[in-house]
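Chains as they are written, first to last, in the working numbering: chain A, 1 to 353; chain B, 1 to 353; chain C, 1 to 353.
Hint data in this document are derived by calculation from the structure and do not stem from the laboratory. Check the hints yourself; a few may be wrong.
Intra- or inter-copy, both count: the list cannot distinguish identical chains.
In silico DSS-like links for lysine-lysine, alpha-carbon gap of 25 Å or less [unchecked claim]:
| no. | residue 1 | residue 2 |
| --- | --- | --- |
| 1 | Lys150 | Lys110 |
| 2 | Lys132 | Lys59 |
| 3 | Lys4 | Lys193 |
| 4 | Lys150 | Lys193 |
| 5 | Lys110 | Lys193 |
| 6 | Lys4 | Lys298 |
| 7 | Lys193 | Lys151 |
| 8 | Lys298 | Lys115 |
| 9 | Lys132 | Lys193 |
Here are the chains, one letter per residue:
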Amino acid sequence: LTEKTFQGYFFEDFEINQQLIHGTPRTITSGDISLYIALTGSQHLLNCAETVAQACGFKRLPIDNLLLFHIAFGKTVPDISLNAVANLGYANCRFSSPIFAGDTISVTSKVIGLKENSNGKTGIVYVHSIAKNQHDTTVVEWKRWVMVHKKTPSAPMGIDHIPDLESSVTINQNLIPDDLNFDNFSSDWTACKHRLTHYQVGEIINHRQGMTINDSDHSLATRLYQNNARVHFDQHMMSQSAAGKRLVYGGHIMSLCRAITHSGLANGLWLTAINGGAHLNPSFAGDTVYAASIILDKGHFDNREDIGWLRLKTYGFKNIDEETINELMMEPEQLRISKQCVLELDYTLLMPN
Amino acid sequence: LTEKTFQGYFFEDFEINQQLIHGTPRTITSGDISLYIALTGSQHLLNCAETVAQACGFKRLPIDNLLLFHIAFGKTVPDISLNAVANLGYANCRFSSPIFAGDTISVTSKVIGLKENSNGKTGIVYVHSIAKNQHDTTVVEWKRWVMVHKKTPSAPMGIDHIPDLESSVTINQNLIPDDLNFDNFSSDWTACKHRLTHYQVGEIINHRQGMTINDSDHSLATRLYQNNARVHFDQHMMSQSAAGKRLVYGGHIMSLCRAITHSGLANGLWLTAINGGAHLNPSFAGDTVYAASIILDKGHFDNREDIGWLRLKTYGFKNIDEETINELMMEPEQLRISKQCVLELDYTLLMPN
Amino acid sequence: LTEKTFQGYFFEDFEINQQLIHGTPRTITSGDISLYIALTGSQHLLNCAETVAQACGFKRLPIDNLLLFHIAFGKTVPDISLNAVANLGYANCRFSSPIFAGDTISVTSKVIGLKENSNGKTGIVYVHSIAKNQHDTTVVEWKRWVMVHKKTPSAPMGIDHIPDLESSVTINQNLIPDDLNFDNFSSDWTACKHRLTHYQVGEIINHRQGMTINDSDHSLATRLYQNNARVHFDQHMMSQSAAGKRLVYGGHIMSLCRAITHSGLANGLWLTAINGGAHLNPSFAGDTVYAASIILDKGHFDNREDIGWLRLKTYGFKNIDEETINELMMEPEQLRISKQCVLELDYTLLMPN
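For reference, chain A alone in the conformation it holds in the complex (with noise of 0.2 Å):
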C-alpha cells in the first residue's frame, strides 16, 4: 500500500508567497452553459441570450461569472481546501475579462496570510487565486480564506501574517468588460421596467421565489466544478458528522440566490465583482432557499451614458416565511445570528442607466 493518493496541504505545508499551480486546466463548453441553468434556474438575459449579448456588444454568448468562479474556484480545492474545516470568506474577487464556450481555464494561487488558532490544531490560510484563459489573460481573481487542520497539533508558534483586505473591489471603467454597452438596451429584453435610476440606496428587496435543494443538484453542481471536497460526497463518512448529512457547496448558495434576485433585479445584467462574502450557517438537502437584497450604493462611470453600478447585499435565508425575512432584513443584529440566514454576499452589478 502506497501514498500516491494526494491528501492535500496542510497548515505546515504554507508558506508565505508560496505560489500553487493548481491542475487539470477546463475548457468551458456549451454543455456546461445549459448546466448552469438546469442547475440554478438562472435567467439573467446576458448568459442565456446570444442575440441580446450581441446587441449588448459581445460577440458571443459569455459565461455566467459565478459558472466561472466555481469552476476557477473548483481547481484551488484539492490544494487549498481539503482538509479545510471552513470556508471563512471571501473578498476582492474580480471578473476582469468575459469568457465564452471553447476558452480553458487555468488557475494559480498565492498565499497571502498564514495565522495560527490558540487552540494549536488549525490554522487560517489567505490566498490570493487568479484565474486566467489559453491567451493568459486574467478572468476572475479573488482572494478567500480558510481554516484548515494542522499536520500535527502542537502550541502556537506565533504565526500571525494577516493580510491587508480592501472592503471593496475600486469602481473604475475597468468593471467594464471590453465591448459592453447598454445603447440599445432594452426593457423588453427581461419584461423588467426597473433600471439604475429606480434603486434607491438603503432600499430592500425580498425576491420571494424559493429554491428547495435536492440531493441531486447539489452534487451534479459540484462535480461539474470539479470540486472534490469530501464533505459534499461522502454520505458514509458525513454520517458520522454532527449533522450527520453532506454539506452542499457553499458556492451552490451563491448560484441560488443570484438566480432568485432576477425577480426584482432582472436588469442587474452583469456581476462584475464580489466586495466580499461568508457563508452564515450550513445548508442540506432539502433546505428550501430564498433571497432578499438592500441596495448600499450606486454610481456612474465617467463618460458612460449607457451603464451604471449598483452596489448591494443579498442575504440567502433557508426555511423561513417571507415575514420573517422581511422582519430579519430590518435588523441586521438579528439577521446574523440568525440560524436561517445561509449567506451574506456584497457585490456589484453593471445596469443600464
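Following the hints, put chains B and C in place on chain A, whose structure we already have.
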C-alpha cells in the same frame, strides 16, 4: 421594503387582445440536446443522430420539438401562470419550423379569451402564444387556458368571452418542415419495422416502459426551461399544500410519455402538432409514469410518397400495472376519471410511408 | 391491443453468428462532455482541457472513452439485454480511435457464443459488439456475456458453445491513438508528479475519495446513454424485486471508480483497453462508492520514449471504511466474495514515461 419583485398578473390584469412580450429570449445550445436526453430518456432518432437528420434533408440536428415547446412555454409562465390555480388545457399547437443549436427563441402572447368563474375568486384566461427564432420566423405557436386567481374576490361582472378553439390542427403539407423527406429512410436506423402502413385506426399500444420521477429530474428539467412557477420548486411552501409535495411540471410528463412511446412508435419521427392536451391528475416525485396510445387517424399528403401522418392520443398513467392500463384503455369513461391517469395528449406525428 | 412494443430477444431468439444492427445512431455533443463531468466528477485531463489535448497532439478535445463505451453499450441493450437476468462480464474492450463532439456512433453486434443453463430457464449469450463513427471507422469494440431468460422454460437441448475470450487486449502500438504524444507533458497540468516510472508492479493504491449515488445521478446517466433496461428506471416494478429498489447501471459504477482513481492515477491519461470486468454485487441509490487499485504490469512501446502502458485492476467498494478496503486489497480471496465489493475492472492506461 419595496415592490420591485414581480408578482405575476391576476385575472383583473388581463384584457381581450392584450399583447404580452415575454422576457428573456433564450439561445438553444447543444447542452440542451444532451440534457433533454438525460432528463427524459428520449431516443427519437431525428433529434439524436445528426447523420440521419442530414440523410432526411436537414442541414443539422434539429432540437426535439417538445424541448422547444417547454422552453417557449417557460417564457410565458411569469406573465400568464405565476398565479395559476391550474393549467387547464392546450390546443392548436403547431411546430412550424425546426430549431437548431445556436438559434434564439423569443415569445409573445395575446389574450384571446376571458371567463370569470362563478365563485368570484378565479377566472379562466385563454392565450395564443407564438415563439419566433432570431430571424423572426414562427417556430411554434399554441393556445392554452389557465385558471388564475383574482387579485380581489368579487361577484362576477359577467366577463364571458370564450374563444373558438379548433379541435385539431389542420392537416396539410405545411405540417412537413422544409427540407424533411423520408426518401432514403431505413428501418435499420430505428431497428423498428413498423411504418405508417402498419398502424390501424383504433389500434391500442401499451408502451410498457416505466419511468420513475426523482425530485432532481423534474427540478432540473423545469429550471432548464426557465419555468419559475413556485409550485414546482418551493417545498417549504408546498408542505402546506394538500399534497404536501412539489408538483411536477405537466410538460415533463408530456416528455416522459413521448419518450416512453418510442417503444412501439419509434418511426413516429417528427412531432408536428399537438391538437389538444390536458393534465388529468398531478404527478409528484416518486411516481412511476407509463404510457399507452390509441391511433385516431392516419393519412397521406398530396404528392408525397415518402411521408404520411398519424394522429393519436397518448395517455400517461402512474403507479399501476400493465393489465390495469390495458383495461382502462378499453373503457374511455373509466380512463378519464381514473386517479392514475395523468395525461391525455392528442397529437400528430410524421412517419415514413 | 397490438404487439408493436418490442419486448427484446429471449435466449431462443439468438443463434451463433447472428448479426444485430442496433437502432438509433447517436451524435455526441459538447453537452455530453459537461454532463459526464457533472455525473461522475471526472477530472481526467485529456477529456476536459482542450489546450492540453492539443498540446498532446489531438486536434480537439476527445470524449472520455468510458462515456463513449456507455453510449455504445446503451445501443445494444434493447436487443441484447432487455431480458437480461444479469450482466456477467466484459472482455477485450479496445478503444481504437478517439471520438470528438459532433461525431455519430452506430453499433452492431455478432452472437459469438450460446450456453444453456441446467435450470432450463435461462442461458448465456456472448456477443461481440462494434461501434463505428460516421466515417465507418471502428472506435470501440468489446465482448460481453449476459444471462437472459428463455421464452419458454424447457429441458436443455445441449447448446454449449463457449467462445475463446482472450484474457487481455494485446499490447502493441495500436493502443496509442493516432496523433497522441506526451513529448511535451508537464506534471503541472495534473499537479501530480507520478509518472509511469514511479509505479511498481504489485503496488496497491487506496484512492480514498467516496462518492454517494443519488437516484437522479444514476437515472440521468443511464438515460443519457439511452440504455432503457427497466431495472434501472421502474421503481413501481422494482419495489416487488428482492432488493425493492432500482438497480444502478453497472457502467455508472465503472465511471465513478475511474473518476475516483484520479487521486493517485491522475497521469493515467488515456484509458485504452478494458481487459476484463465484472460487477460483483449490485449498487443502489444511497450507496457510497470507493475504489482501490493494484498495479498488474507496466511496460514501454517500441520507439516511443514519451509514452508507456500501465495495466491495473481497480476494485469498487461500497459503504465501508478505508481500513477495511486496505485489508480486503491484501486478501484477494476475501475481496471477491465481499458483499461490499461491487466492481472488478482490469484495464490498461497510457501514461507519460
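Against the structure, the hints come out as follows:
no.: 1; hint: Lys150 to Lys110; in the structure: within (19 Å within a copy, 58 Å between copies)
no.: 2; hint: Lys132 to Lys59; in the structure: both (19 Å within a copy, 22 Å between copies)
no.: 3; hint: Lys4 to Lys193; in the structure: between (57 Å within a copy, 9 Å between copies)
no.: 4; hint: Lys150 to Lys193; in the structure: between (53 Å within a copy, 24 Å between copies)
no.: 5; hint: Lys110 to Lys193; in the structure: between (43 Å within a copy, 20 Å between copies)
no.: 6; hint: Lys4 to Lys298; in the structure: between (52 Å within a copy, 17 Å between copies)
no.: 7; hint: Lys193 to Lys151; in the structure: between (55 Å within a copy, 22 Å between copies)
no.: 8; hint: Lys298 to Lys115; in the structure: neither (35 Å within a copy, 45 Å between copies)
no.: 9; hint: Lys132 to Lys193; in the structure: between (36 Å within a copy, 23 Å between copies)
Hint 8 alone, counting from the list given before, is not met by this structure.
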